[in-house]
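Enquirer: Chain residues, written in single-letter form:
4 protein chains.
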Amino acid sequence: MDKKYLDSIIKEYKHYTIEGQVADYIPELKKMERCDLGIAIIDRDNIFTAGEWEKKFTIQSVSKPIVLILALMDRGEDKIFELVGKEPTGDPFNSMVRLETYTMNKPLNPMINAGAISISSLIKGKDNEERLARILNFFRLLSDNESLEVNQDVFKSEKETGNRNRSLAYFLKDIHCIEGDVEEALDLYFMQCSIEVNTLDLAKIGLILANDGLNINTGEQLIPKKYAKIAKTFMLTCGMYDESGKFAIDVGIPSKSGVGGGIMSSVPQRYGIGVFGPSLNKKGNSVAGMRMLEKISKDYEMSIF
Amino acid sequence: MDKKYLDSIIKEYKHYTIEGQVADYIPELKKMERCDLGIAIIDRDNIFTAGEWEKKFTIQSVSKPIVLILALMDRGEDKIFELVGKEPTGDPFNSMVRLETYTMNKPLNPMINAGAISISSLIKGKDNEERLARILNFFRLLSDNESLEVNQDVFKSEKETGNRNRSLAYFLKDIHCIEGDVEEALDLYFMQCSIEVNTLDLAKIGLILANDGLNINTGEQLIPKKYAKIAKTFMLTCGMYDESGKFAIDVGIPSKSGVGGGIMSSVPQRYGIGVFGPSLNKKGNSVAGMRMLEKISKDYEMSIF
Amino acid sequence: MDKKYLDSIIKEYKHYTIEGQVADYIPELKKMERCDLGIAIIDRDNIFTAGEWEKKFTIQSVSKPIVLILALMDRGEDKIFELVGKEPTGDPFNSMVRLETYTMNKPLNPMINAGAISISSLIKGKDNEERLARILNFFRLLSDNESLEVNQDVFKSEKETGNRNRSLAYFLKDIHCIEGDVEEALDLYFMQCSIEVNTLDLAKIGLILANDGLNINTGEQLIPKKYAKIAKTFMLTCGMYDESGKFAIDVGIPSKSGVGGGIMSSVPQRYGIGVFGPSLNKKGNSVAGMRMLEKISKDYEMSIF
Amino acid sequence: MDKKYLDSIIKEYKHYTIEGQVADYIPELKKMERCDLGIAIIDRDNIFTAGEWEKKFTIQSVSKPIVLILALMDRGEDKIFELVGKEPTGDPFNSMVRLETYTMNKPLNPMINAGAISISSLIKGKDNEERLARILNFFRLLSDNESLEVNQDVFKSEKETGNRNRSLAYFLKDIHCIEGDVEEALDLYFMQCSIEVNTLDLAKIGLILANDGLNINTGEQLIPKKYAKIAKTFMLTCGMYDESGKFAIDVGIPSKSGVGGGIMSSVPQRYGIGVFGPSLNKKGNSVAGMRMLEKISKDYEMSIF
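So the protein sequences, as listed, match chains A, B, C and D. Take the working numbering: the final residue in the first sequence is number 305, and no numbers are missing along the way. Take the working numbering: the final residue in the second sequence is number 1305, and no numbers are missing along the way. Take the working numbering: the final residue in the third sequence is number 2305, and no numbers are missing along the way. Take the working numbering: the final residue in the fourth sequence is number 3305, and no numbers are missing along the way.
Calculated from the structure, these hints are not laboratory results. Any given hint might turn out to be false.
Derived lysine-lysine pairs resembling DSS-like cross-links, with alpha carbons at most 25 Å apart [what the hints assert, rightly or not]:
id, chain 1, residue 1, chain 2, residue 2
1, B, Lys-1079, C, Lys-2282
2, D, Lys-3246, A, Lys-226
3, C, Lys-2079, B, Lys-1225
4, B, Lys-1106, A, Lys-283
5, C, Lys-2079, B, Lys-1282
6, B, Lys-1106, A, Lys-159
7, C, Lys-2159, D, Lys-3159
8, B, Lys-1295, C, Lys-2159
9, A, Lys-225, D, Lys-3159
10, A, Lys-295, D, Lys-3159
11, A, Lys-283, D, Lys-3079
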């Protein structure tokens, strides 16, 4: 791996950005530049970056595995999986059908919106302010970046237009899969989605996961090993919306995407990777980002299989 | 038809009330007496009553065809059926599955909760106070009972525990099947469900429908004929939750039930019938009420088929 | 009602045939003439006909309520409704989803293909030849037409291309909703669908149903009253595929359509009606036939509501 | 890893067999001994076995990833994934719902029955005899065991009672996801499921997959690397019916189970594992087998995450 290789990859894959569109379901996201493409890869000793790697974007669904880990640390495995299932699914990101179809009567997994909203409601804190502070601090700790903040415009936009998520949340409340107040859980969820990061932040978090929760520079175990593995498993089985299966076959790296254009990947024992490419395909995944990761995975034999 | 016949029917069917339970999904409804059973039947010239015919109960889903008529009068057939479908369904009263499964992406009909909430959002009025006043006045006009009021305790109870309906409503908003504010539409829906009536009120409204909207005493056309027929059609095809088909076969009278224990029936050109029996079967229909109607329909050949 | 009226109706509605297409799912049905439109109406004393009323076509799904009646006469109400439900549904005619979604684990009603195939498997007879003879004789008796026969080309075509129905049938077998051999039940079902009739045949059967099973000319009770009412109820609630609700509102007459272009209608106590118009809309119903029935129902106040 | 360790594991986990039941959906499978438990683990240099490792059982669904590989070698990746999807699912093994719910209108993946039947229909051969011979030879080659045969009694039993699979197959034919004759595809599928193996056979095949298709003893590349990885990916994301997600988290090894009691696991670059434990939980997975693999995975850090 070297800087020159990454530069050439960005150059080679940039034109794929014209095949997709930036997210348009909230006004704030529409402002992103479709042709942006950036990447950061970290291993034990090096940081490699290329393209618009420094640009900030909202983390969106990439927050899901991270907040899941915090919830696991706060409440333990038993409590979490009492409210949310472990089974993969090829669902579209905003589907409601499964909730009632399934006899188990809880969200299938923490990577779909329903599951993620349940998870957010389980974060400890005396009020939402404290809960958000704890989430933000956890993101800052993992990314080693004290400056991470919520983009308030995106948060407001999410909150105003989030009727489908609101519908999910009240349904979850009805089946006892949300703790506490529904609107507070939703607010917290919308806020965690609105945290701004860049590719380096994602790569750093990805590297912590790759090393089973250990910060290899400081020797500090930031996440219990078991929870880091749980997060990576969900990322592999359902981290890319309903293209998770295809991505597992073509790329084979535990990864989580978000409609802000980000992808966080974690190559066990080896690399943390952050990608930014806001031009999305119909499934909600970065068009150029996915292709780029497929190429890199092949060139450096990163598949876990 | 005579009083003696009805008295004997009440006596004969009263013991069936032990086969069911009063509704327990909101605390206020649990207070009803399981063994109550009452009936009122009106034709052109007579009023027959028996049992607890005078007891008040909340109208609940029996309000659906009536508010549908008001919405039709307010907004016209085209607008109504742009937002809500016409197709019968054997759905449980609180199901959400169908909304997304169906390609047409609107509630299947105005008798299921989703459809009824959409319909409530279409009632004219500058605010909810005016809308509620218009609904109440319409119920009073049809039942010739100026004293009808909303039971505030039931309303509050419905509002506090209505997370499933709230979930439905936000989903409906997301697919553009609710006009205006979601919480206002829900409040109006919960209020219409909480109007208190007795069997005579229901029988009188049922008679207006039986006579295609005409008040035969005053000669006044209270409802356009077409809309009265639409209401009766929905009552026949989907008025008894997911027992509508069985009821159409066994009884054959357009009827609408509610979890307050009420059933309003309308025998075209002949009778209006109100039943009260708060002991419900698992489908949400009055156990003794349904059986009583089957018996009366057979004895007086009331089936429309 | 008079001949002149019907002639004018045919003339007025004929051009609607260009809005649809003849059925194309089996080769034999594609041979029909799209612009054909015919009607026959019978009451106690008269027969009125117009257009292509004499043309033969295969009865297809119009056979469903008739074979249901024979099965009820053969096996009794309890046995029939142990295997098949009574609940209306707006399902497309070839849907499989509902079978498993529904907890009751049987076809929702006898008007959808799944239910009709179950019903066919319940017809008495030592072998399929005898069963078919009994069905044919029943159709001949009700239509007072000894010449009714199965169109063997259509039968073969149905059998060869009927993989979706075959799939349904094996699923039904698995959930114990088919008696005896699956392929025999399917053959019988395909044969009953391939019986050739004209509009007068359908009108005559419709009149028997209108008169609760009584042949008013001979005074013979051909069908028990209860079963005639059951058939009419299913025709009203689910006789027109997933337009049954719309048709109930707009027309209000118990009717059953088939993809051969036929519609059989039954106006209680008054008329039997047969329609032929092979140009179908997307739901599988005769485009011009439906509109014609709406007009006639309004002009002669035929709605049962 | 050593023999003593495996012996102690078998001893420790044997009592879990009383928590489940042997498969009872076909008579032949009911004959298995509930308390059997065996294991074989192979790495580059050693073979370790314990318990009833030598007992024969039918391979059942463990055949799915293997026949998938043969189909990929026969027809190429594009053809295979034109007919069958790549998305994981927590579906029960015999569900039909998804087929129609999903817009993509093909089986979600090759590990569910629908997908596996489609795959079987794609195996090359001039008739079923040749196709079966090719499958058997492929199994013999991978397991280095020339004596593998189809258990004819199980095959007949599967064929006779396979109405749900037959239903799936005709539906697949209807949506053009089966090539050639439906009954032939079903026969081939039932035959591949009825091949008898023991744990050592499964371990050997698992080792070939672990080594990306290479027979490390002979140096022969028996399977293209890409296809071995595809098989392992499906095993991880959907190899354990609707416990695949839980198993991925708790065990983290690409594995495929069958209702014959077998599990084949493949630890990339390290081990092939075969398990036999016919006492199944409600999901269709070996009760004691799953727990045993969880223990071994933890003791030897086998998780791929």
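Enquirer: Does Lys-283(A) pair with Lys-3079(D) here, judged by a C-alpha cut-off of 25 Å?
Expert: Holds. Lys-283(A) to Lys-3079(D) sits at ~22 Å (cutoff 25 Å).
Enquirer: Could you grab the alpha-carbon distance between Lys-2079(C) and Lys-1225(B) and see if it respects the 25 Å cut-off?
Expert: 41 Å, violated
Enquirer: Can you confirm whether the C-alpha distance between Lys-1106(B) and Lys-159(A) stays at or below 25 Å?
Expert: 24 Å, holds
Enquirer: Given the hinted pair Lys-225(A) and Lys-3159(D), is their alpha-carbon gap at most 25 Å?
Expert: Measuring from Cα to Cα gives roughly 47 Å; hence the hint is violated.
Enquirer: Given the hinted pair Lys-2159(C) and Lys-3159(D), is their alpha-carbon gap at most 25 Å?
Expert: Satisfied, since the Cα-Cα distance of roughly 22 Å is no more than 25 Å.
Enquirer: For the pair supplied as a hint, Lys-1079(B) and Lys-2282(C), is the alpha-carbon distance within the 25 Å limit?
Expert: Roughly 23 Å separates the two Cα atoms, so the pair holds.
Enquirer: Can the restraint linking Lys-3246(D) and Lys-226(A) be considered satisfied, given a maximum Cα separation of 25 Å?
Expert: 13 Å, holds
Enquirer: Given the hint that Lys-2079(C) pairs with Lys-1282(B), does the C-alpha gap stay at or below 25 Å?
Expert: Judged against 25 Å, a Cα distance of about 23 Å means the pair holds.
Enquirer: Straight-line Cα separation of Lys-1106(B) and Lys-283(A) no greater than 25 Å?
Expert: This hinted pair holds, its Cα atoms lying about 23 Å apart.
Enquirer: CA of Lys-295(A) to CA of Lys-3159(D), is that 25 Å or under?
Expert: 45 Å, violated
Enquirer: Between Lys-1295(B) and Lys-2159(C), is the straight-line Cα distance small enough, at 25 Å or below?
Expert: Violated: Lys-1295(B) and Lys-2159(C) sit about 45 Å apart, past 25 Å.
Violated hints, listed in ascending order, are 3, 8, 9, 10; each of the other numbered hints is respected by the structure.
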